[in-house]
Amino acid sequence: AGIAAVFIAVAALAGMFAMRSQVRDLQGENLALRDRVDDIDSAEVQIFAIGQRLEEAEEIVAEQRSEMALDSELLGAMLSTNSQVANVVTMQGKSSIGSLVWEADQSRIWFYAQRLRPLPQGQTYELWLHGNGNYVSLGTFNADDSGKATYRRFVAEGLDRYDGAVVTIETVGAEQREGDSIFYAYLIDR
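Each step along the sequence shown adds one to the number in this note's numbering, with nothing skipped, and position 128 is 128.
Don't read these hints as lab results, they were simulated from the structure. Even glycine gets a Cβ: it sits at the ideal position worked out from N, Cα and C. There may be inaccurate statements among the hints.
To be verified - Beta-carbon label-pair distances, calculated as ranges: (1) A57 to M19: 51 to 57 Å; (2) I182 to E58: 20 to 26 Å; (3) E58 to N142: 57 to 63 Å; (4) M68 to Q176: 34 to 40 Å; (5) S96 to P118: 15 to 21 Å; (6) V172 to E56: 55 to 61 Å; (7) E58 to G93: 42 to 48 Å; (8) V45 to R115: 42 to 48 Å.
The task is simple: from the sequences and hints, build the whole structure.
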């Protein structure tokens with residue numbers, strides 16, 4: 001009975017050592033799995049960040065495509081034999097900042113300018129056609145951060161003659177012309 005008890009005790013001790021070894025192995029596997037889960041979590045965060053950057057890049061590309069299409073249309077208007085182009089100059093007449101393009105066949109006016117200062121909140125540029133002693137607003141626009149503005153508008157039916165155009169700085173939402181002319185372009189025989 002004593003020898004059997006010793007054998008049982010030795011077997012139990014051997015089983016305990018084997019069990020400890022298995023527990024250590026399982027702990028090692030558990031640590032390895034935790035590391036893999038952490039790697040996966042890190043990869044998911046990186047994938048999400050890459051997805052965000054991709055969306056931002058796609059938005060920039062779409063905006064650039066839109067700008068290219070607008071620039072292409074403007075170039076076509078400037079080169080058309082049915083268009084007249086006038087320089088847009090400061091009221092002092094010292095320098096040209098852009099062009100005003102009248103597309104008679106399309107009844108469109110293009111205003112293109114560079115070196116415009118972006119206006120503060122609450123102010124906007126407004127383009128006015130001048131003809132028969134009257135000013136007709138073609139709407140408002142603002143420059144981008146680089147000071148560039150490309151503005152296209154269809155001219156109201158019945159307005160087939162005008163002498164020129166002016167740009168003013170107006171308060172957003174103003175009903176009537178309040179601002180002084182800061183740029184002008186004169187087209188004759190419209």
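Determine whether the Cβ-Cβ distance between V45 and R115 falls within the hinted range of 42 to 48 Å. holds, 44 Å
Starting from the hint 34 to 40 Å, judge whether the C-beta atoms of M68 and Q176 obey it. holds, 36 Å
Is the gap between the beta carbons of V172 and E56 within 55 to 61 Å? violated, 29 Å
Indicate whether the distance between the beta carbons of E58 and G93 respects the range 42 to 48 Å. With Cβ atoms ~44 Å apart, the hint holds.
Check the following: the C-beta atoms of I182 and E58 are separated by a distance inside 20 to 26 Å. violated, 37 Å
Per the hint of 15 to 21 Å, is the separation of the Cβ atoms of S96 and P118 within bounds? holds, 20 Å
A57 paired with M19, Cβ distance criterion 51 to 57 Å: holds, 56 Å
Does the Cβ pair E58, N142 satisfy 57 to 63 Å? 25 Å Cβ-Cβ, so the 57 to 63 Å window is violated.
Going down the numbered hints, you'll see the structure goes against 2, 3, 6, while the others check out.
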